[in-house]
Structure formats: C-alpha cells, structure tokens
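Based on the provided sequences and hints, a complete structural model is requested.
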Amino acid sequence: MIEVNEKIAIDHGLKKDEYKKICELLKRNPNLTELGIFSAMWNEHCSYKSSKKHLKKLNTKGKKVIQGPGENAGVIDIGDDDAIVFKIESHNHPSFIEPYQGAATGVGGILRDVFTMGARPIANLNSIHFGSPSNKKTKSLLRGVVQGIGGYGNCIGVPTIAGQTSFDESYNGNILVNAMTLGLVKKDKIFYSKAAGLNKPVIYVGSKTGRDGIHGASMASAKFDDKIEEKKPTVQVGDPFTEKLLLEACLELMRDDSIIAIQDMGAAGLTSSSVEMASKGKLGIELHLDKVPCREENMSPYEIMLSESQERMLIVLENGKEKKAKEIFDKWNLDFSVIGKTTNSKNIELYFDKIKVANIPIDLLSEEAPEYDRKWKKSKLPQKIKFSKKDFKNLKITDVLKKILASPNVCSKEWIWEQYDHTVMGDTIQKPGGDAGVVRVHGTEKAVAATVDSSASYCYAHPLSGGKQIVCETWRNLICVGAEPIAITNCLNFGNPEKPENMGEFVECVEGLNEASKYLNFPVVSGNVSFYNETKDKGIKPTPTIGGVGLIKNYKDMITMDLKETGNIIFVVGKTEGHLDQSIFAKEVLNEKKGPPPEINLFNEKNNGETILKLIKDNFVRSAHDVSLGGIMTGIAKMCIKGKKGINFYKYKGLIDKFGFFFSEDQGRYIIEVKKENVDKVIKILDKNSNHYDLIGEVIEGNISINDEPNLSVDKLADYNKDWLNKYMVN
Amino acid sequence: MKSSVIIFPGSNCDRDMDVALKKFGFKNKMVWHNDNVIPKSDLVVLPGGFSYGDYLRCGSIAAKSNIINSVIEFANKGGLVIGICNGFQILIETGLVTGALLRNKYLKFICKNIFVKANKTQNKYFNKIKKDILELHIAHNDGNYFCSQDDLNSMQDNDQIAVRYCDSNGEISENSNPNGSIQNIAGVFNKKKNILGMMPHPERVIDNCLSSNDGSYFFENLLSNMK
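In the order they appear, the protein sequences are chains A and B. Using my numbering, the final residue of the first sequence is 1051, and nothing's skipped along the way. Using my numbering, the final residue of the second sequence is 290, and nothing's skipped along the way.
Among the clues, some could well be false.
[Unchecked claim] Covered stretches of chain B (in silico footprint by chain A; criterion: 3 or more residues with CB under 8 Å from a CB of chain A, positions within the stretch not fixed):
| hint | region |
| --- | --- |
| 1 | 79-87 |
| 2 | 114-128 |
| 3 | 170-181 |
| 4 | 267-276 |
[Stated by the list, open to error] Listed below are the simulated BS3-like cross-link pairs for lysine-lysine, each with C-alpha atoms no more than 30 Å apart in a straight line:
| hint | chain 1 | residue 1 | chain 2 | residue 2 |
| --- | --- | --- | --- | --- |
| 5 | A | 506 | A | 856 |
| 6 | B | 191 | A | 651 |
| 7 | A | 964 | A | 384 |
| 8 | B | 171 | A | 962 |
| 9 | A | 907 | A | 456 |
| 10 | A | 459 | B | 168 |
| 11 | A | 384 | A | 602 |
| 12 | A | 335 | A | 384 |
| 13 | A | 509 | B | 175 |
| 14 | B | 103 | B | 92 |
| 15 | A | 723 | A | 706 |
| 16 | A | 506 | B | 90 |
| 17 | A | 384 | A | 340 |
| 18 | B | 255 | A | 876 |
| 19 | A | 457 | A | 873 |
| 20 | A | 1042 | B | 171 |
| 21 | A | 456 | B | 254 |
| 22 | B | 90 | A | 964 |
| 23 | B | 191 | A | 456 |
| 24 | A | 646 | A | 506 |
| 25 | B | 194 | A | 884 |
| 26 | A | 646 | B | 175 |
| 27 | A | 340 | A | 602 |
| 28 | B | 168 | B | 86 |
| 29 | B | 194 | A | 962 |
| 30 | A | 704 | A | 907 |
| 31 | A | 1047 | A | 335 |
| 32 | B | 85 | A | 873 |
| 33 | B | 90 | B | 168 |
| 34 | A | 1036 | A | 971 |
| 35 | A | 369 | A | 838 |
| 36 | A | 964 | B | 168 |
| 37 | A | 1036 | B | 171 |
| 38 | A | 884 | A | 926 |
| 39 | A | 926 | A | 377 |
| 40 | B | 168 | A | 1047 |
Simulated from the structure, these hints should not be mistaken for laboratory data. No residue lacks a Cβ here, since even glycine has one placed at the ideal position from N, Cα and C.
Right under this line is the structure:
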C-alpha cells in the first residue's frame, strides 16, 4: 500500500494543518484507507465545518416538529398519527459535469433519505438554476437535467408536483440542481439512523458496489477549474429501477420491528453511513469489506469505503432477524449481505480477508472533525435608485407586460414539467405551474402542499433581506393554495466559504432566513449546505433555496390561482409602495441591476398571510396568487392565463407612479378574487385586521383591459408566456 | 366482479389501478409476477410503470415473466385483459395485440391531459359511455404507436382501433396527436375485442379534484357489462 504523506493528504482535499491534526489525534500516520475515510468525513460536504457554527442558531423547534435537522430528513406532524418526512438536497457539481446522471442521482439520493425513515415518498420537487440562456452550455445542461430528473422520478413512480427554474449568468460555470422529496409515514413507524445494542448484525442491501462516484463528496467540496471534465468518472450513475425495488423491500421489512437503525449510503457511501450510525449510538462498528457485494473485480478496501454507487442501504438489524430480512431482499432481487456488527470499541474497524485494514476512533471522524469560524464580511444595503418619470416616458404597460411574461425567469416552464410525471399515485390535486403543488394524503381528506423558492438576485443585492424574503415567499405560496404553513427545509448554495465576501453572504442569508422563520413560526427541520459553487474563482450569486410544506385539512378547500368567474372583484391585499429596485421590470425593461431588494416587514407579512388564510377558511376566496416577480400586473396576467379569463382594471388613481404600482415587487402581498356579494364582508375582515388593500378590477372574458391602452388578448398573452422556452429548446 | 392486477418489479401504477377498480366496485387482488397462476378473475390488468426497469425494449422482459403464460391463457379463453401504458407495451411484446410502441415523436416524456375518441361498437370497454370525447391522461416516453400498412388495414377491417387522440372538439388531426402515433392511435383491441391495450391512464382521472373525472365512465361502463 502507498505510504501516506502530506502531499497525498492534500490531493485528498485536506489542508496541511488538517493532516497534521489527523496524525496527532491518531498518534500515528494514517494508512491510505484511513486517510480516504478522514478526507471524506472531514470535507465540507459531510462535516459542515464552515457552516456548523451558523446553522446551530437556526430555529428548528415547533409544536409540530417531530424530528429536526440531524437525521436523514426532517419530520412534521400532520395530525391523526400521520407525519410528513421531507428534505431538500443539492447535486450541483455532478450535474454540471454530467447533467443527466447528476440530476437523476440527486433525485435518487433525496428519495432514499426519505424512505430510509420509513416513509413512502409521495411527492418530488426541484429547484434548478442555469446560466444565461445565451451561454452555449445552458441549453444542453437544461435538457440533460430535466431528462435526468424525469428519468429517475418517473420511473420510480413518485409525482414531481412543483419546482422552480431560473437563469442567471452567475451559474454559467456552475449550475444548481436541488431536489426535494416528501414522504408519508405513521408517527409510530419512523425509523432513525442511531445504532443501539452490541453485536447486532450490520447488513448491506441494495445495488452492488462499483468504482463510480469515488470521492464524490470531496468533489462536491471542490471548486471547478478547466479540468472539470476529467471528473466525469466521479459522477455516480443512477438506476431508478433498483431504487424502486429497494424502496418496496425496505418498506416491507419496516412493517415489523426488525430494524434498529437504517441509513442510506449517500455522500461518502459506506464510510459516512457506518460512521454516522455508530457515532449516533456511541458505539463501535466492525465491517468485513470482503463481504460487500461488488460489481467490479479487485476492489480495494479504499475503493469500497469511498464508492458512491447508488441505491444502497446499511441496516443494523435485531439479532435473529437476518433470515427473514434476507427473504424479503431475495424476493425483490436485491443483494443482501451481513458485513459486520456493532461493537463496544467506539472505533470503526475494517477487515479484508480477516486482515485489519483500518482502525479509527469514531469520535475523530465526527466530533473531532474540524469546525471553522470563517472570516466574513458584512454587506451594506445598496443605495436606492431614484427612478423618475423620464425613465418610463415611452413605455406602455401592455408592452412591458408582454416583455416580462416572455422573459426567461417569468415565462411558463411547461416545457419542463410536462416531462415530469406529476400525476402518478393518483393524488395530485394541484399540478406544477401554480403557487404550490398539492397532493392528497392517500385515503384521507387531508392534503399536503409543497413549494420550493429562491431569489438569488435579492440575496446578492442584500443577503439579510434576501434570506428573509425567500422564507416569506415560501410561506405565501403555501397560503395561496389554502394550506397552513408548517415547516421548511433549506438548501444553502453558496460560493467559496474561504472568501470573506462569500462567507458573509452565507452568514447573513442564514441570519435573514432564521429571523423570518422565527417570526412566522416556520421552523427549519432539515437541510443541506453546498459551498464552493464557483468556477475559475467566480462564485455564484448566493442562492439559498427554501422548500416549504403546509397542510390543508380538507382537500376540497384547496385554492388555485386561475380566475374563476366573470363579475368577480380583484383585491390586492398588502401595501404597494412602488419598490422597483431589483425587480424584473428594472432589470429586463430599464436595464437597471442595482439597488436594494424590497424590504421585508415581518409584521405585515404575518398579518396579511393570516388574514388571507382566514378569508379562505370563510370561503370568500375564489382564487389567490401572491405578488412576486413582475409585480401585480404579472401576477394578474398569470391568473388570467390559467383561468382563460380577463380583467378590467379600474382607473388607477394612486399616488405612486402607475409603473411602480403595477410592476413593483413589494413583499407581503396577495391577489385574491372575491364574489361581488362578498366584497363588503371581505373588506370588513380586512379592516378589522388592519390589512391594507386595493380593489383593482373586475374579472371579464378574454382580455386584459387597462383604460387608456389597447386591450390585450389573454390567449395571445398565454402564447407569449409559453413560447419563449419552447422556442429556446427547439432552436 | 373479480379483477387481478399483476405487479411486475418496476410497476408503479399498480396501486392506482387497485384504488380505481375498488372505487368502482371490483373485488381486486394483486398478483406477483413470479406466481404461476392468476386467481379466479373476470378481468386482468397489466398496470403502468417501468417493468424490470424497461432498460431493454419496454415491456419485453415482462412478456417473458412467470405469470404471463397464465395471462395469455386467460386472454385466449376470452377473458377480459387490459394493459395500460407499460401494460400496453407488455401486451404488444406478448403478441396479444398488434403493433409496436416507439419513442415519442419529440423524444420527450409527456405527462398531460389529452382528449380521445373511443370505439363504442361491440366491445365491453366503451360501448355504453355517453360522452363522445373523453379527457384522459397520458404519461409516457414510448407511446408512439406504429404498425405496418397491412396490419393497419386488417385492424381497420376488423374494427380493432380502440382509442384515438383528438382535440377538445373531437377533431382527429396532427395537432391533437401528442406522440406521433400512426392515425392518432392511442389504443387497440385484439380481434375478439376482449383485450384492450392503451396508453392513456383512466385510473388517474377518476375524481373531479383530479385533472379530469372521465376515467370514471370507463370503469363504470366496464363494470356494468360484467354484471
């Protein structure tokens, strides 16, 4: 075996002083297998060494939280002994190198995190971010990622119910692929990863181990350079069919109490799964690597421990249950092998053909892993841009609307989500394209709503406000479908934590999202951090992605955003201040990219959201949509397009400029459709709760009518909205 | 009425079909692919999904599975057999219905509601459905139906075209063809019309809160013919 030295350690992504610390802790030099294990456990992806200090502050508790961060996924209570298990995770680096497999295995990984806990996956979501449409790689990356997400999710038979796609040049060399899964489980049938008991058999199940993905976790913690294409062999290859079998086999085994602990082999494969289970149980673990089913010949202990082959699980079983468990995995044609046992040594001890090949105290891999207090730079709130009447002089509202609806970040993403099976399992009651996806809780009256959001340009302009904004937007999206928001999961995609600017973006975004999460009582129950999203020293815009989950007590009360009946009145609830900085209007139409993001007023946010929920409960809301990108006008246009209806705007008499009124992206606002006979009752409730509101128009057939401008046909608008992506992908 | 849904490894619409059949009054049993015998049934369903991963031509491995011989035997005796989506692909691979299902024309998976016109003459699947145009749902990558001109002629002569894609007004045209299928064919019968293979999923559209409720007509009609 190769003699380990400092240079080899550095090649493994460890820092000089980290290697020194390893030797000190071990009181000897590690061998190559041990070094591999240290490098996998101590890298950013597994150890959270740069982020831990800040993540500790997150608001993770709440009445409905059954399990917060630290497990395979978070768990929340949705009543009647039902619980929802959910998490979001990134698969950015692999997806840039090999978009199909990178995205596919991203979906596979998050699905495993959820069914590891005993839950049947019931919905997938994703948030994907690409470089500028004019970048030569964007189109093929987008096509590959979408096919990869679809290829995996469609095959395994879990509906993809919502998502988000954005384009920004900061992702030119580093796209983002974040995948989220929700699963359903009975509260008393949740499985955890904490091992317990001595001499319990450790079982390997699922696919065979190959050489794919060796050092995937280290790659995820490295930045990209020109040689990135050479990393292709470290991208894992997904097999959704095997995952489907693994899902069914695991759920079958979980029907009784044979399993003590279970952990999927995700990043850093067998290494992190075995170390985490033992570490949580304060136990040791002994593994015989020659017993690991391998698909390639002559695999070394080093390769076996670091392989990231997909669709594998590690299980600690009760004694005597091996035979029964094996029968289940045989039935599903999956490998099953007893590869070791739990011990009281508190070490991970590895053998190959009875020869000891590694022996490391577990503590050194988990608790003793480095933790850094990285330097970070506070960002200043940019100066507000003074827009003047002159800037809008030659503009027509209708032209602006057309341009915004056809812009890459606002246009319809139907080309994408039509490639995802969003109806399998027969419970999807709100498909992609709305404010949130909604699935019924099978066999009950309940439904679960889920959404995924991020706003990189707001976060880039001012991380603290941006962090708050996304949590609020997630909360609003759930409310718009009539769901009571319960909890969130976060996927924190940032640049290089060793750079104070990037680290500052991370720290302040986290601070912002935490503030909103606390205020709205919307706790974080799971998440993932992805650093080093940079190419040739240029980082991405900070992109925390938030996945939110809410509950609708009776699915028949769900709200959609399509306008329902002519004659109904349109309200905007929440105050429009005319904040145009960082808006789509400023960027796409005025070409002004500077300025602060819209301010978040958490009091108003909460108050407006709660009132909307009350109005929905009282049955006064026919349709609802939150005001986000592109402001009121864009929001209304989308409601018109979905409902194949039009709107006749009342004459605008406000104090702020009409462009500011119609296109500003002030936060905390909702558009709702109310029947004429209920208008007075709704106003009474809004007044009573001190919610600002504007009555802006009336639902009509077919056209958007703004008094001094020509009518816009909604059919034509729908084409503008849909065509951009279709044409982009075909040409 | 008794029905059996076959579960292949990789089937993923088996539960949805089970739910639908039970909702409309069938006594349904799930049958494992490795079994040799189908329990006593009036109807056998091959559900959608990706049987055996479909890494080979879709449905080809399932067509060689243990259970399939008894499905063929059941069908040859005149028993009612439905194959939906992957089930249709499997029926084709067994030779129980004619044709081939190619990759979709634009090489994309398509998941959306579509409209179809069904053949109502002399078959138990659509005969008494009052609605002329049904809004069903497709979700597939390989649903582009193809057959030789001779086969097409013979199927037309025998009235074996079961379902064709159309638009909301019933117009059957290139525009209403989602996947490039020859003659907009979405489903076919065998000669005796006891076997139906089709790409659209009736089991996904059986409630007003889902994307359509028109699948209900299909199951109600089927049941009414079996009583």
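Verification of the hints:
| no. | hint | verdict |
| --- | --- | --- |
| 1 | 79-87 | holds (count 3) |
| 2 | 114-128 | holds (count 4) |
| 3 | 170-181 | holds (count 5) |
| 4 | 267-276 | holds (count 5) |
| 5 | A/506 - A/856 | 48 Å, violated |
| 6 | B/191 - A/651 | 42 Å, violated |
| 7 | A/964 - A/384 | 39 Å, violated |
| 8 | B/171 - A/962 | 24 Å, holds |
| 9 | A/907 - A/456 | 22 Å, holds |
| 10 | A/459 - B/168 | 20 Å, holds |
| 11 | A/384 - A/602 | 28 Å, holds |
| 12 | A/335 - A/384 | 41 Å, violated |
| 13 | A/509 - B/175 | 35 Å, violated |
| 14 | B/103 - B/92 | 10 Å, holds |
| 15 | A/723 - A/706 | 23 Å, holds |
| 16 | A/506 - B/90 | 27 Å, holds |
| 17 | A/384 - A/340 | 44 Å, violated |
| 18 | B/255 - A/876 | 43 Å, violated |
| 19 | A/457 - A/873 | 45 Å, violated |
| 20 | A/1042 - B/171 | 17 Å, holds |
| 21 | A/456 - B/254 | 52 Å, violated |
| 22 | B/90 - A/964 | 41 Å, violated |
| 23 | B/191 - A/456 | 55 Å, violated |
| 24 | A/646 - A/506 | 25 Å, holds |
| 25 | B/194 - A/884 | 25 Å, holds |
| 26 | A/646 - B/175 | 40 Å, violated |
| 27 | A/340 - A/602 | 26 Å, holds |
| 28 | B/168 - B/86 | 35 Å, violated |
| 29 | B/194 - A/962 | 25 Å, holds |
| 30 | A/704 - A/907 | 14 Å, holds |
| 31 | A/1047 - A/335 | 48 Å, violated |
| 32 | B/85 - A/873 | 25 Å, holds |
| 33 | B/90 - B/168 | 38 Å, violated |
| 34 | A/1036 - A/971 | 23 Å, holds |
| 35 | A/369 - A/838 | 24 Å, holds |
| 36 | A/964 - B/168 | 29 Å, holds |
| 37 | A/1036 - B/171 | 26 Å, holds |
| 38 | A/884 - A/926 | 27 Å, holds |
| 39 | A/926 - A/377 | 22 Å, holds |
| 40 | B/168 - A/1047 | 17 Å, holds |
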